[in-house]
Amino acid sequence: MKRWVFLIAVASLFSCSHPALPPDTVAIGMETDPAALDPRYAADAASVNVCKLIYAGLFRRDAKMEMRPWLAESVAQKNPLTYRIRIRPGIRFHDGRPLTSADVRYTIESILSGKQGASPVKSSLGEVVSVETPDPLTVEVRLKKPFAPFIRNLTFGIVPEGSGDLSAHPVGAGPFRFASRERGKELALARHEGYFLKKPSLAGVLFKVVPDETVRLLELKKGNIHIVTSPITPAVLPWLEQQEGITVMRKPGTNVAYLGFNMKDKYLSDARVRRAIAHAIDREAITRHLLKGLAEKTETVIAPVNPFHEPNLAPHEYDPALAMRLLDEAGLTAREGKPRMTLEYKTSKNQLRRKIAEVIAEYLGKVGIAVRIKSFEWGAFYGDIKTGNFQMFSLTWVGVDDPDVMHFMFHSKSLPPDGANRGGYANPALDALLAKGQTEADVAKRKRIYGEAQRIAAEDLPYVTLWTQVNVAAVDRRVKGFEVYPDESFDALETASVQNGER
Amino acid sequence: MRRYLLKRALGLVFPVFGVVTLVFLMIHLIPGDPVETMMGESARAADKQEMRHALGLDRPLPEQYVAYIAGLARGDMGISLRTHEPVFLEIVSRWPATISLALAALLIAAVVAIPMGVLAAARRGSALDKGSLVISLVGVAVPNIWLGPMLIIAFSLWLGWFPVSGRGEPLSIVLPAVTLGAGMAALLARLTRSSVLEAAGEEYMKAARARGLSERQVWMRHALANALLPVATVMGLQLGALLSGAVITETIFAWPGVGRLLIDAIESRDYPLVQGCVLNIALCYVAVNFAVDALYAVLDPRIRVER
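These protein sequence lines map, in sequence, to chains A and B. Under this note's numbering, the first residue of the first sequence is numbered 1, with each subsequent residue one higher. Under this note's numbering, the first residue of the second sequence is numbered 1, with each subsequent residue one higher.
If we strip away everything but chain A, and leave its shape as in the complex, we get (with noise of 0.2 Å):
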């Protein structure tokens, strides 16, 4: 007896003690610990969404994608290069200092500047010249040349003037502060009673590092997590659907999954085989059965809840018998036993992504294309699509919101490492457009342009775009007013609450 009295006391000393979740807490279980909590220096997702809900934003993007200004009361552009934006009287950081121009003239400076380290924002904010204060509450900011993208990008929190690397001990004017971390296993975070809008209904947001996707789930069925959010693998959601106490959402995102190719490879050079490959393969097919849903069929990289998205694009439906004629056009002719070409398709050891690749390479097949599966650690692969050492590949734009990343993408002067044409792709009616659209301030002309892109690069196809990603949360029916974001943030928690107690 005095044994296992001995033996319980070792066990408490090494583990230490857990309170139960507070009340009017939601907690939400992630897969990964995030890195920094500056959000000038969060890149990971998990970082992105902690800090909009510590650090408030001159904008914000709502569940439509549609910007609203936040800290921000209004904005002006006095002329194509410099942007007047005022900020809202009264506001205040969670320590108390109250939030001025001086503040947001920091964090712009301090993303510029770099002295603390790089940030993954710096380049989104093209190329400023001066930012100036004339009063506590504007901000007047000078850009060397035209950047229309400028003002969709001021999502970034801001930081109290002065601050160094805030990630240990954040500080900003959002709706909730940060309260206690411990790496690896949890973060909390606490309503800001001094919020500028709404108080939150929630006292505090617990984040649970959970990084295994089964066991989260068993704790959010268990009660102890109460939102599981993508990525969900989809096979587990029937299961997932049937249990009681939860509920499954489900919204279109952001994330848009393609097939890359190279322009110097003596296949895929041509339109012809390109425009075969996407009459190949029957994406309503893979986004039903494999995907169980969690994706949609899109023509463009620009996803259909993006405000710039252009909704009429011929789609290419599946179709083996066109895209076989596609592949006699272009000379690739089918001899007895022999397919008509051999690609090498690359992708990662997800092993979901090896299944769509599996799945892809089959249905290339049916109409004579054999396909090389090559699988490689991430780094490896994404080494080798930077360096244009691919014939083909597949990959995921995450987070796409202003359209001027086509021009990242497909423009024949942003090859790696400056942009991210890897396939080497050059057109040079896309590239007027793109070039155009960068500076192009008025937003209906820029609709109109980003429209004429989308259907020049659905024609052309520098990439086929396979689907947009359909983003999922789990939620337990205790906690009302969630909503899932296209951009996967955690917005909705500034009005969501929880009903106490058990399920």
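None of these hints come from the bench; they were simulated from the model. Predicted, not measured: the structure shown is a model, and the values here were computed from it. Just so you know, even glycine gets a beta-carbon here, dropped at the ideal spot from N, CA and C. Accuracy of the hints is not assured; some may be wrong.
Stated by the list, open to error - Negatives, chain B to chain A, calculated, CB over 10 Å:
| # | residue |
| --- | --- |
| 1 | 9 |
| 2 | 16 |
| 3 | 18 |
| 4 | 19 |
| 5 | 22 |
| 6 | 97 |
| 7 | 138 |
| 8 | 143 |
| 9 | 207 |
| 10 | 212 |
| 11 | 230 |
| 12 | 237 |
To be verified - Quick list of in silico lysine to any residue cross-link-like pairs, SDA-like style, CA-CA up to 25 Å:
| # | chain 1 | residue 1 | chain 2 | residue 2 |
| --- | --- | --- | --- | --- |
| 13 | A | 355 | B | 263 |
| 14 | A | 374 | B | 45 |
| 15 | A | 386 | B | 31 |
| 16 | A | 386 | B | 151 |
| 17 | A | 436 | B | 45 |
| 18 | A | 374 | B | 52 |
| 19 | A | 222 | B | 151 |
| 20 | A | 292 | A | 339 |
Once you have looked at the hints, place chain B on chain A.
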């Protein structure tokens, strides 16, 4: 004895140095760019280059290596590229989780395996022996990645005895420790059985019986004491492995230990943190091996007089 231990300690410096060098070269040679991970692909090439320069990643590899070794000599393991925290603190913060899990798993393995092995040896060929063989085979064959979730479903979801995951209340250590200890217990049980059987055939057993000792005394004092030497060696090696982090078990049970830290570091190409974690692993192995050697010298005086 002191000379023996000093000699052993000196002999351990080179493996550690070798591991540090090898890992430094390997992590820099595998594809993947930490700056890309930190800044995202859309960052301008000039900004990425500036960052590489600030981190010293654009310096020639030998220069980086010398700087790293010089830092280690000063006790500085560098700063994590991902979290900007000192690597040493990042690792140390994970020690309590890793050490507690390793010791608990080892304790469970020893408590189950040694009596099972001794009983199986003492009742050789009996149903008990055969049963223990089956249990051991199952223990070795079942992978942690399956056992962990099964234990969670049975003991957390159905019975509600233990937490599903996380390191919190005292009972939270039970399921991960059982998952981690199961395979080891199976291995130790088989080893204990064969070692005890080997010892049972020795002359000193007959001598002990001839001296009129009870059967229990003969087995416990003579057979087991001699049979435990190889068992202690294996346990030591296992402890070394456990202290370096049990990646799968830590991932399943959301246990914030060193193993998971290493995996996160590799995925984000956090060079200093990967190097720090591997150095930590090497030191764990070396320290445990040294302790086992020292224990050997205590258990078997013949070892320390060997040249």
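- Non-interface claim for residue 143 (chain B) versus chain A (Cβ beyond 10 Å): holds (14 Å)
- Message: Tell me if the straight-line CA distance from residue 222 (chain A) to residue 151 (chain B) falls inside 25 Å.
- Response: Answer holds: residue 222 (chain A) to residue 151 (chain B) is near 14 Å, not above 25 Å.
- Task: Sort out whether residue 151 (chain B) lies within 25 Å of residue 386 (chain A), counting only the CA atoms.
- Result: violated (43 Å)
- Between residue 436 (chain A) and residue 45 (chain B), does the CA-CA distance stay at or below 25 Å? Answer holds: residue 436 (chain A) to residue 45 (chain B) is near 23 Å, not above 25 Å.
- Task: Hey, is residue 230 (chain B) genuinely clear of chain A, shortest beta carbon separation above 10 Å?
- Result: holds (26 Å)
- Separation of residue 9 (chain B) from chain A, once the least beta-carbon distance is taken, above 10 Å: holds (29 Å)
- Once the closest CB in chain A is found, is it more than 10 Å from residue 207 (chain B)? Fine: 33 Å to the nearest Cβ keeps residue 207 (chain B) off the interface.
- Distal placement of residue 18 (chain B) relative to chain A, Cβ over 10 Å: holds (24 Å)
- Item | residue 355 (chain A) paired with residue 263 (chain B) [C-alpha distance capped at 25 Å] | holds (24 Å)
- Task: Would you assess whether residue 97 (chain B), listed as outside the interface, keeps its beta-carbon beyond 10 Å of every beta-carbon in chain A?
- Result: Not fine: 8 Å to the nearest Cβ puts residue 97 (chain B) too close to chain A.
- Task: Sort out whether residue 31 (chain B) lies within 25 Å of residue 386 (chain A), counting only the CA atoms.
- Result: holds (11 Å)
- Does residue 19 (chain B) sit more than 10 Å from chain A, CB to CB? holds (21 Å)
Violated hints, in rising order: 6, 14, 16, 18 and 20; the structure is consistent with all others.
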